[in-house]
Amino acid sequence: MGQRETSRRLTHSSAIRVMHWIGVYAMGCMIFSGWEIYNASPSLHFLFPAWTGLGGWLGGALAWHLSAMWLLFADGIAYLVYGFASGHFRRDLKPPRPAELGQDLGAALRFRLKHHMGHYNAVQRVLYAGVIIAVILQVMTGLAIWKPVQLGWLAGLFGGYPIARGIHLAIMFGIVAFVLVHVALVMVHPRTLKSMIVTVPQRSRKADERPA
Amino acid sequence: MSDQRNKPAVSMAEIRPELERLHRRGFLRGALSLGASLGSLTLLTGCDLSTHSGVDGALEAILCFDDRVQAALFSRKRLAKTYPASAITRPFRFNAYYAEWQVRPVPDNWVLSVAGLVADRRPWTLPALMALPQQGQITRHICIEGWSQIGQWSGVPLGAFLRRVGADLSARYVYFKCFDGYSTSIDMASALQPQTILALDFEEKPLAPQWGAPLRLRIPTKLGFKSAKNLEAIEVTNKYPGGYWENRGYDWFAGV
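Residue numbers (the numbering used here), protein chains in the order written: chain A, 1360 to 1571; chain B, 277 to 532.
Just chain A, with the same shape it has in the complex (with noise of 0.2 Å):
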């Protein structure tokens, strides 16, 4: 795709502006919903700080657990099939090759990594393509134990319920961690978090060229 037909689109189209939103707002519930969830009955040697949970007690956490939830699934499913059918995924979440990847991740770990405004560099695309996988492995788990009876061949994919209940509890830390990875570099480049809010013409690379 030549620039000058990426520079006149906008960073963000609001499409996903909006999903992005309601997706930051039912993962939100979900997350701090869950750790009071968590809390009732701890499978670690630890427990979330009682101020950071959602519903005020376990039944009050599964209310909202099972509300929100359908709230990102709608998100959900309304992100994928926009990210198929406009072309989002083939274009922005286009899988880097190895030596770009290292490249990249290189560059990130030495802060040397520069930032294009809608262009994503490879260890973007990793990230955000993981996140958006461990989310449908998150609703997948999350549906495993949830039913698993009903959908009990679901929470055999899993390894059965007490499995499937640790995996669910793994890929929260790892979406966690990406949350906090991703609002620091939103930190380091205010301007993206912007575009994520107002339309935001993108920019062609020329102009964006600056050190991080």
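If you're looking for bench data, these hints aren't it; they were derived computationally from the structure. Where is the CB? At the ideal position from N, CA and C, for every residue including glycine. Warning: the hint list may mix true and false statements.
As the list claims (entries may be wrong) - Computed cross-link-like contacts, BS3-like style, restricted to lysine-lysine with a CA-CA straight-line distance of at most 30 Å: (1) B:LYS453 to B:LYS353; (2) B:LYS353 to B:LYS481; (3) A:LYS1506 to B:LYS357; (4) A:LYS1553 to A:LYS1473; (5) B:LYS481 to B:LYS453; (6) A:LYS1506 to B:LYS515; (7) A:LYS1453 to A:LYS1473; (8) A:LYS1506 to B:LYS453; (9) A:LYS1553 to A:LYS1453; (10) B:LYS353 to A:LYS1506.
As the list claims (entries may be wrong) - Some, not all, of what chain B presents toward chain A, calculated at C-beta under 10 Å: (11) ASP342; (12) LEU355; (13) TRP521; (14) VAL532.
Go by the hints and put chain B onto chain A.
Using the frame of chain A, we list chain B on its own:
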């Protein structure tokens, strides 16, 4: 069980201040009083969506929707996985809404009362129940808190019992009342699932008091709090009966 946070058994006196605090905050009034407000209903769970507004009302409405989804996902023919004896969890964890030292002894002259939409309301003695055909299972008991354990129970299939007493099998609910102050209710479809049993034995021995003596419900297609212990009465009804935890905000259908 020495670990306070792991102890699910709380008395109502212990949790009442917490419940009242939540009520004051209005944070989850809907969810907390879900069961209590479900009396007059049209849906399977008898959800009355007119009692709350805002966040509470939204959560309540979605939980009602969840219950309908759960009922639709449920198939009477789908069986919970069964395990070999070697998989049985030992020691088996005690769980109730009270601590283990508060377990009630079986009352003298215990009988099981049968009420509601049934042809034969004569009470059942233990020997009469033991004379009915029995069925065993080794299944996973999954607590709403997330933990689970595999146990072995045997007893009278609830479906066979309901047919025996001439219950109206088109009724909506089967309600269980316990002599320890507990209660719960399930939908008729789940009551007729073949693994739903009125258990008399645990690990091939008559139920000990902490495991629900002399008779308990064992239903592996629902969360653990539905497997009511220490039964004293069964009622078949079309009027939403709620239950101990359901009235305090746990999701009513609670299928797994």
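So, going through the hints one by one against the coordinates:
A hinted pair counts as satisfied when its Cα atoms are at most 30 Å apart, and LYS453 of chain B with LYS353 of chain B qualifies at roughly 27 Å. For the suggested pair LYS353 of chain B and LYS481 of chain B, the alpha carbons sit about 28 Å apart, so the restraint of at most 30 Å is met. Restraint check: the Cα-Cα separation between LYS1506 of chain A and LYS357 of chain B comes to about 12 Å, which is no more than 30 Å; the hinted pair holds. Annotation: proposed proximity of LYS1553 of chain A to LYS1473 of chain A holds, straight-line Cα distance about 18 Å (limit 30 Å).
For a cut-off of 30 Å, the pair hint linking LYS481 of chain B to LYS453 of chain B stands: about 23 Å separates their Cα positions. This hinted pair checks out: LYS1506 of chain A and LYS515 of chain B have alpha carbons roughly 27 Å apart, not beyond 30 Å. Between LYS1453 of chain A and LYS1473 of chain A the alpha-carbon distance is near 18 Å, which keeps this suggested pair within the 30 Å criterion. For the hint linking LYS1506 of chain A to LYS453 of chain B, the alpha-carbon distance of about 26 Å falls within 30 Å, and the restraint holds.
For the hint linking LYS1553 of chain A to LYS1453 of chain A, the alpha-carbon distance of about 24 Å falls within 30 Å, and the restraint holds. A C-alpha spacing of about 15 Å is found between LYS353 of chain B and LYS1506 of chain A, which places the hinted pair at or below 30 Å, so the restraint holds. Annotation: ASP342 of chain B was flagged as interfacial toward chain A, and the flag holds, the nearest CB pair being 5 Å apart, inside 10 Å. Because the smallest distance between the Cβ of LEU355 of chain B and any Cβ of chain A comes to about 8 Å, under 10 Å, the interface hint for this residue holds.
Here the hint on TRP521 of chain B is kept, as its CB sits about 8 Å from the closest CB of chain A, short of 10 Å. Because the smallest distance between the Cβ of VAL532 of chain B and any Cβ of chain A comes to about 5 Å, under 10 Å, the interface hint for this residue holds.
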